[in-house]
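Listed here are the chains, written in short residue letters.
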Amino acid sequence: MSTPGSAKGASGTKNNEGGKGKMGGKKELKRTSKFTEVQEALGKDGAAIFVDKKGTQNLYIDYPYHVNYIHSYAQDSPFFLGLAEGRLRGTRCEGCKYTYATPRTYCQFCGEEAKWVDLPLVGKVHSWTTCHYGSEAFLKETPYNLVIVEFEGANSVLLSRLKGCTEQDIYVGMPLVAKFAAEPKYLITDVWFEPAPGAVKR
Amino acid sequence: MAQGSSKAGAKSRERDVFSGTPTPSSTKRSGRRVYMVAGGVTKFAKAHPDMDFRLMCKKAFDKARSEVPNLRMDDIDGTRISYFSDHFSRQLKAASMVQDFLGLNPRGSVRIEWGGATGGECFQAAWEAVASGRMDTCLAVGYETMSRVQTWKGNEFIALASDVNYDFPLGGFYTGYYALMVTRHIYEYVRKTKFANIKDEREAQRKATEYASRVMAMVSVKNHRNALNNPYAQYPKNLTLDAVLNSEMVSYPITREDICTMSDGAAATILCTEEKAKELTDNPILVKGVGCGTDTMRLADRPFGKVLLMPHEKASDYADLQYPGVHSFRAGRAASIEAYRHAGIENPNKELSFVELHDAYASSEIQTYEDMGLCRYGEGYSFVERGDPFLKGVDYGFPVPKAGTTPVNPSGGLIACGHPVGATGLMQAVIAYWQLQHTIGKNFGSEKLQIPNAKRGAIHSHAGTGSSVTVSILERVRP
Ligand SMILES: [Zn+2]
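Chains as they are written, first to last, in numbering that gives the first Met the number 0: chain A, 0 to 201; chain B, 0 to 478.
Fair warning: there could be bad hints in the mix.
What the hints assert, rightly or not - Some chain A residues flagged as far from chain B (calculated, every beta-carbon gap over 10 Å):
hint	residue
1	K25
2	E27
3	L28
4	I69
5	P77
6	G81
7	A83
8	G85
9	E112
10	L138
11	E140
12	I147
13	F179
Claimed, not checked - Listed below are the simulated SDA-like cross-link pairs for lysine to any residue, each with C-alpha atoms no more than 20 Å apart in a straight line:
hint	chain 1	residue 1	chain 2	residue 2
14	B	K45	A	L58
15	B	K391	B	S381
16	B	K152	A	H65
17	A	K184	A	A73
18	A	K96	B	G304
19	B	K206	A	K139
20	A	K139	B	W151
21	B	K152	A	E36
Unchecked claim - Just so you have them, the derived chain A footprint on chain B, three or more residues with Cβ under 8 Å:
hint	segment
22	100 to 109
23	198 to 207
24	416 to 423
These aren't lab readings, by the way, just hints derived from the structure by calculation.
Every residue, glycine too, gets a C-beta built ideally from N, C-alpha and C.
Please build the complete structure, drawing on both the sequences and the hints.
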């Protein structure tokens, strides 16, 4: 990650000029009472002055932050390894006779360890939505459908993406089939659902 | 089998493991009575370029102090300080910097974080500090500065408050999660009832959603128009039903005007013992009940069991309902039950003068009416259509026959006030406090939002997809 002192400039990003960047103090900072112009200027110069209604100068800086986590799926690993093999795995508590479609490695009712089980690769829409906006990380994928899937024989449900159909096609109760990524990314998105053959009226 | 969209589904359930939540914690509370004696808020705004989080908290604190001139700094025994996200602050241990800036070192303090319910939890943490005898006077102050990142990045930070293994990578977006919940809510309570006679499933569900969307729009209009008379609100608007219905679709069926926004703001409350309250004010407000409930982090883990009943409900009311599923907030129910028991409330709809609840979405306001027992499960939409949660004397542009029965979000709620997360639950406390003091006129510059003879109010703070909720009951002491 960067530190404030290095905002654009010394950290070697796009506006690095002679190793000192534009924060060196010689260039006049953009002064504006339009906030959008502050944001633009930050992208270019790394700093800008926002002049508010009272005439007060508020100094803004650009402050990047980036980190790569060393993330372990730990006890949930069998689920994500299963997706890579085209298996959808839930868990089951034999004591409670309760099957989790989103795996919980310990039962939420009795606290005993649950065992891994294979779920059917067909299900039904329990609920759904189409997202026309999203978090920054997913904006480029909009619109996308989210679906909560229910399975015969499972007590809880699974959140997933619904592809191969549009907002107009989807309804609660619609039959679905699971699909798996040919090249796993080891993310929950390695599995998604599509309408079962014939479920979409064209 | 998960809840039935079909009869066969319901039958295949092997065992009803989940049969209600254990009774909420003891209501035989031996703690001291706790009073709220002052409150302050900054205006909630898209951005406060001239104030960082410390100065915002200072302004809210000083506003609260101005209400109790007899309060000396030395009277404050300690603090509880709340903010939701370190990501937004770009500063770990920011609560220590608030404590420092307010000049309250070396007193005891702790940071409170509980997702969207951060402010509500902070209020209850301060209550506990006083009720337990640890402090005689405790300041609860909270803030959020969400303007420091772009809106969609902010949405991403908020979505990181969902399971990052199973939920976030799918398109982590809270509006999407709430859309999933309300779609099922509409299916359970509108499609299965009002539109039961339509055979074509798609058509029935579309009609049900159209109907429900209009009711959600009524809630949005209510909150935006209420806020026209709240000078602290970020987005007061003279909206119409059509304007809400025609605003951009964000996650079907939730539109832009059904959603609260990112905000900067701070709020502060001062809680103390009865003895201290007598020294400070002749118009203290009693914190009569507190409750907190939780549920699974992942929506997909919610059980399909039995409703947690309130005293005015019977199991037979909900014989066919699988609860909470993804359509209702069990945490909100549990929190309400605990708070009502503590406060001795048996029928909230009759005994509460008003409710300030966590309407991050117009949809979740409707779901929350049911969780809080203001109406029965399934009656949320008709509760709105009858006009119960509307204010008398505010023009909404459509008829509200029963307006004033149980006003909900007279302040404008999160949808119109804004939602600087760590401040929101405390803002509700401050506004409820002014309502119960009957000082809305003085504080808002207009009597329009003052609930006549307000005696008892509930505040409700809600996190995640309903993974934690607090409910607190405040009551007027003066006749
Ligand atoms: Zn079990």
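Taking the hints in turn, this is what the structure says about them:
no. : hint            : result
1   : K25             : holds (25 Å)
2   : E27             : holds (20 Å)
3   : L28             : holds (15 Å)
4   : I69             : holds (14 Å)
5   : P77             : holds (12 Å)
6   : G81             : holds (13 Å)
7   : A83             : holds (15 Å)
8   : G85             : holds (18 Å)
9   : E112            : holds (16 Å)
10  : L138            : violated (6 Å)
11  : E140            : violated (7 Å)
12  : I147            : violated (6 Å)
13  : F179            : holds (15 Å)
14  : B:K45 - A:L58   : holds (17 Å)
15  : B:K391 - B:S381 : holds (18 Å)
16  : B:K152 - A:H65  : holds (13 Å)
17  : A:K184 - A:A73  : holds (16 Å)
18  : A:K96 - B:G304  : holds (14 Å)
19  : B:K206 - A:K139 : violated (31 Å)
20  : A:K139 - B:W151 : holds (11 Å)
21  : B:K152 - A:E36  : holds (19 Å)
22  : 100 to 109      : violated (count 0)
23  : 198 to 207      : holds (count 3)
24  : 416 to 423      : violated (count 0)
Checked against the numbered hints above, the structure breaks hints 10, 11, 12, 19, 22, 24 and satisfies the rest.
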